[in-house]
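Under the numbering used here, the first residue of the sequence shown is numbered 20, with each subsequent residue one higher.
Hint data in this document are derived by calculation from the structure and do not stem from the laboratory.
Don't take every hint at face value.
Unchecked claim - Mimicking DSS-like on lysine-lysine, the simulated pairs with C-alpha atoms at most 27 Å apart in a straight line are:
no. : residue 1 : residue 2
1   : 262       : 457
2   : 578       : 429
3   : 483       : 447
Since the structure is predicted, the reported quantities are computational estimates derived from the model, not experimental observations.
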Amino acid sequence: MNRLLKAILAAVFIIVIMVSAISICTHLFKSAKIDITEQDLFTLSDGTKKILGKLSQPVTVKLYYAQTAAMKAPDMIKDYNEYFYFVRALMEEYAAKSNGMMELQVIDPRPFSDDEQEALRYGIKRFQITEDESFFFGLVAKTEYGAAKTIEFFAPDRQNFVEYDVSYLLDSLVSRNKTRIGVISSLPITGQQVSQYMQMQGQRGKPAWTMVQVLEQRYEVQEIQQDVDEITGIDLLMVVHPKDFSDKALYAIDQYVVHGGRAIVFVDPHCIADMPAKPPQPMYGQPTPSQASDLNKLLRAWGVEVPQGQFAGDKILAVSAAFQQGQNAEKHLSFLELTPGCFNDKNVISAKLNRVLMFFGGAIQTVDQPGDAPNVITPLVSTTADGNTWQVSSPQELQYWPMMASQLMKRFIPGTEPVMMGCMITGKFASAFPEGLKEEKPDASDDQKAADPTKDTPETHLTKATEDCAVAVFSDVDFVSDLPFLAYRRSGFGMISMISDNNALLVNTIENLLGSGDLIAIRSRGSFSRPFTVVDDIESAAEEETAKEVDEIKAEIKKLDESKMELIRKMQSEGVSTGDITQLNKQSEEFETKKRQAQIRLNDVQKNRREKVEALGTKLKLVNILLAPALILVISIILAIRRSALRYRYLGRIEE
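I would like the entire structure built from these sequences, with the hints used as guidance.
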């Protein structure tokens, strides 16, 4: 056999061995995977693994994605490809960890095919790209007995929550009953219907809050009227902005909780979502309506209170924003961005949260509790240790809060310990109505009312709980409202997306109170975004450098405006000389010159800040571009040196 034939056969055998080895390794080590992502994006949580372990019947999961259509679509649709690869990889991990109870099918529904018709039949959303091509990206889970659940569309903004969505789908697929959540509120958060007559007059009803719409995807949400006698038939009670609740409503809430019912309470010292449709006119004697809610009669019986007129503040957490057109962005004590360090990392509700936005949140304070076994109060969300409470001097300051940011920031005094803004209370609660509810007879005289009040107390009245109770309390309502910069927004295709972890905090709390620990372990992952602290420090330093200068300019503007107003009043009452007008014009010219000079200095500082940020970005790019080649080069040099050393050693032995 000649040398050429031997070489050819050797090459063929090497190729066969390589293909065989790859095939064998692919099958033998198919389940062997290593997740090297920082947030373990492709690693299933313990909660998901438990849910998969509880599957009692085979489940078929069909992942619909119009991959062929996406390749022909605009860039906006093509961007979904990366998200699809992530979802598909995650679903493959589900199938691998299901012990054979879950089968995954990835389907590309082509136009006019049976797959397309099946996707539509299951409720997968279709978005028309061209006359023939349609875009699908959803999921259907089916049991062998015909039960089916659907994720209509995978919105990229919900990538942080996709594991929870899929796990909830599988968990609810085998359950029969839907959890019922009752909502009692002074606001129309469940929607407001109008009569046909009012519709004819052009009036329209109000839709439910986005919070309610999101919850309705998973729970049965029902409204509870404020004149309710007894709260029954629900699994969880949500008390939202209890403004001017009667004792009758408070008693119904009290007895629901004391009888072991679970509840979430949202109170607010100043609820922006409760802003009146028409602003009051103080100049015409119209009082400024209160936008505060109060449930302290019940909260004090449970061990906490939310003082009226007090707000939680923190300069470190204050968000810079502009709430009026033409206004420069400035930090607002009322607008706080809670970040890691503000969340209780030992509680499953808040452990993995990353960013919660609150607006005019109050301060939750503990109160003395009688008895040997006081209720346990567990903080969930708080300010930093530099946080403190702040107040306003008049209701007008709250009415004109967008223009009061700098004044409030100057008056704020940092504290020495965190201010609690959310907590969980557990224990055997005492009733806030130990003697029951007393209602006066409407037709009795004053003497009869004082002497003989009518007790309207049911036989089921409890003065103290006989089993453990649990209530979550948050000192803000706006953080789950429809204000466009806090929790929710409408994204592409009309889908609801999350701005922050506000919704995650809400759902975490619901799942925890309902006792679903498996889902809590998934949901509490929160958002994967991470603050760029170096850039933030650079911007904060630059802002501190300019803060004094900006304040001086504003003071000069205010002083000039006051001088002008004083001169105008003088002209109206006594008349004014030409010299005064000339002097005012001269002052205005001098001020404008100073203002231009100050603006130039501000521009220089901002330019330096931008150059620092850009220089940092250039360094990061160089590191990312050069690091991998540099590592390969170093390894190559090391291997080359080692190979040379071994060669010389081998040659030395031969010579010997």
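Outcome of the hint check:
no.: 1; hint: 262 / 457; in the structure: holds (21 Å)
no.: 2; hint: 578 / 429; in the structure: holds (18 Å)
no.: 3; hint: 483 / 447; in the structure: holds (7 Å)
Going through the hint list in order, the structure satisfies each hint without exception.
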